[in-house]
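Please build the complex by placing chain B on the supplied structure of chain A, with the hints as guidance.
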Amino acid sequence: MQGHSVYKIPQGKLVKIELDFDPKGKLIEAVKVTGDFFIYPEDSIRMIENRFMGLPLDKKFMAESLSGFLAENEIQVFGFSPEDLAHAILMAAGMEK
Amino acid sequence: MEFRFILDDYVKPAMNMAIDEALLKNCLAYGKPTVRFYRWKPRAVTIGYFQSLEQEVDTAKCAAEGIDCIRRSTGGGAVYHDSELTYSFVCPLDSGLVPKNILDSYRKVCGALVHGLRELGLQAAFVPLNDLIVNGRKVSGNAQTRKEKTILQHGTLLIDVDVDKMFSLLKVPNEKIRDKLISDVKQRVTSVNQEAGKKYSYFEVAAAIRKGFEENFHARLVEEPLTPEERQLAEKIAVEKFLKPDWTRMR
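From first to last, the protein sequence lines are chains A and B.
When the letters of the first sequence are read in order and numbered with our numbering, they come out as residues 7 to 103.
When the letters of the second sequence are read in order and numbered with our numbering, they come out as residues 747 to 997.
The shape of chain A in the complex, shown without the other chains (with noise of 0.2 Å):
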């Protein structure tokens, strides 16, 4: 199933979510990330995106495990943190509003 959503981050910047998932499983099968923010390097966000591939649509475990890979590869994002990104996700999925 395929859900989009656009996320105003208060006091951030603009996240749109294209999101393909299993509605069943509650999985995640591919992401596409857009909007006005900041990710330092740029081009690792590809690699947030394939990270998010197969994690469950849980708001914790997205959060937590998109804190943890930021971490360990020193990449910085301005705009939204991993609990914003992690929220627009579920709103994409219909999961919270």
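Everything labelled a hint here was simulated from the structure, so no lab data went into it.
One or more of the hints may lead you astray.
Here are the computed lysine-lysine pairs in the BS3-like style, where the Cα-Cα straight-line distance is at most 27 Å [said to hold, decoys possible]:
1) A:Lys38 - B:Lys987
2) A:Lys14 - B:Lys990
3) B:Lys932 - B:Lys944
4) A:Lys14 - B:Lys807
5) A:Lys103 - B:Lys926
6) A:Lys14 - B:Lys926
7) B:Lys917 - A:Lys38
8) B:Lys922 - A:Lys14
9) B:Lys895 - B:Lys987
10) B:Lys926 - B:Lys884
11) A:Lys103 - A:Lys38
12) B:Lys932 - A:Lys14
13) B:Lys922 - A:Lys103
14) B:Lys807 - B:Lys922
15) B:Lys778 - B:Lys917
16) A:Lys14 - B:Lys884
17) B:Lys944 - B:Lys911
18) B:Lys922 - A:Lys38
19) B:Lys911 - A:Lys14
20) A:Lys38 - B:Lys893
21) A:Lys38 - B:Lys932
22) A:Lys38 - B:Lys990
Over 10 Å on every C-beta distance to chain B, these chain A residues come out as not near it, computed from the model [stated by the list, open to error]:
23) Met7
24) Pro29
25) Glu35
26) Pro47
27) Gln82
28) Ser87
29) Glu89
30) Lys103
Beta carbons are placed, not taken as given, at the ideal position from N, Cα and C, and that holds for glycine.
Chain B alone, transformed into the frame defined by chain A:
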């Protein structure tokens, strides 16, 4: 301390982005930081590295009006480049000129604009992460990238602003709220001439911002052109990157 200063006039959009990238790539070899000012002909919409062209920009409208659409190497939002001064600043990451901390480094480089705007009688303030405001309204957006042990920060300083025109070229999430969005943005965005109540030209603004860079970095800006190698590299980058649909439509 001496910086190279390049005062360009109108340059094609893809070349503007390609010259900035060539300056970044050649910065360590060149041996000193560079400050470059430029404007855009034809007019252009640039989008941030992470944005989707199709989602952000009415590309058909741009094409009909002869406005180029270019994806930047830097993050941030979509920008309509018309009556403005665009600057780029390039320096080695370990030159000590700019803090390594990303937020602090935006603040430091934007300080040049704050100093420069003071020359024009305007009191500007930096608002993290990447905006500059005058009287509470945004007058400048900035974006930075770091590659090859070098910092490139470029940004736009609005000399005049036409929010209606800007919005006619950008897509909005929901057409029903277009009018509201436009009136909100009119409240939030301003320009040098609107705030100063003057009609400063590009070159007058450039002279002020040049001084701002000198004060902010305690440096002397000395006019030196791009080297022939840099120009050649920029032309290659324009063709192989910024003019390629693969790049522009990458996300």
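query: Which of the numbered hints are not met once you compare them with the structure shown?
result: Failing hints, ascending: 2, 15, 21, 26 and 27.
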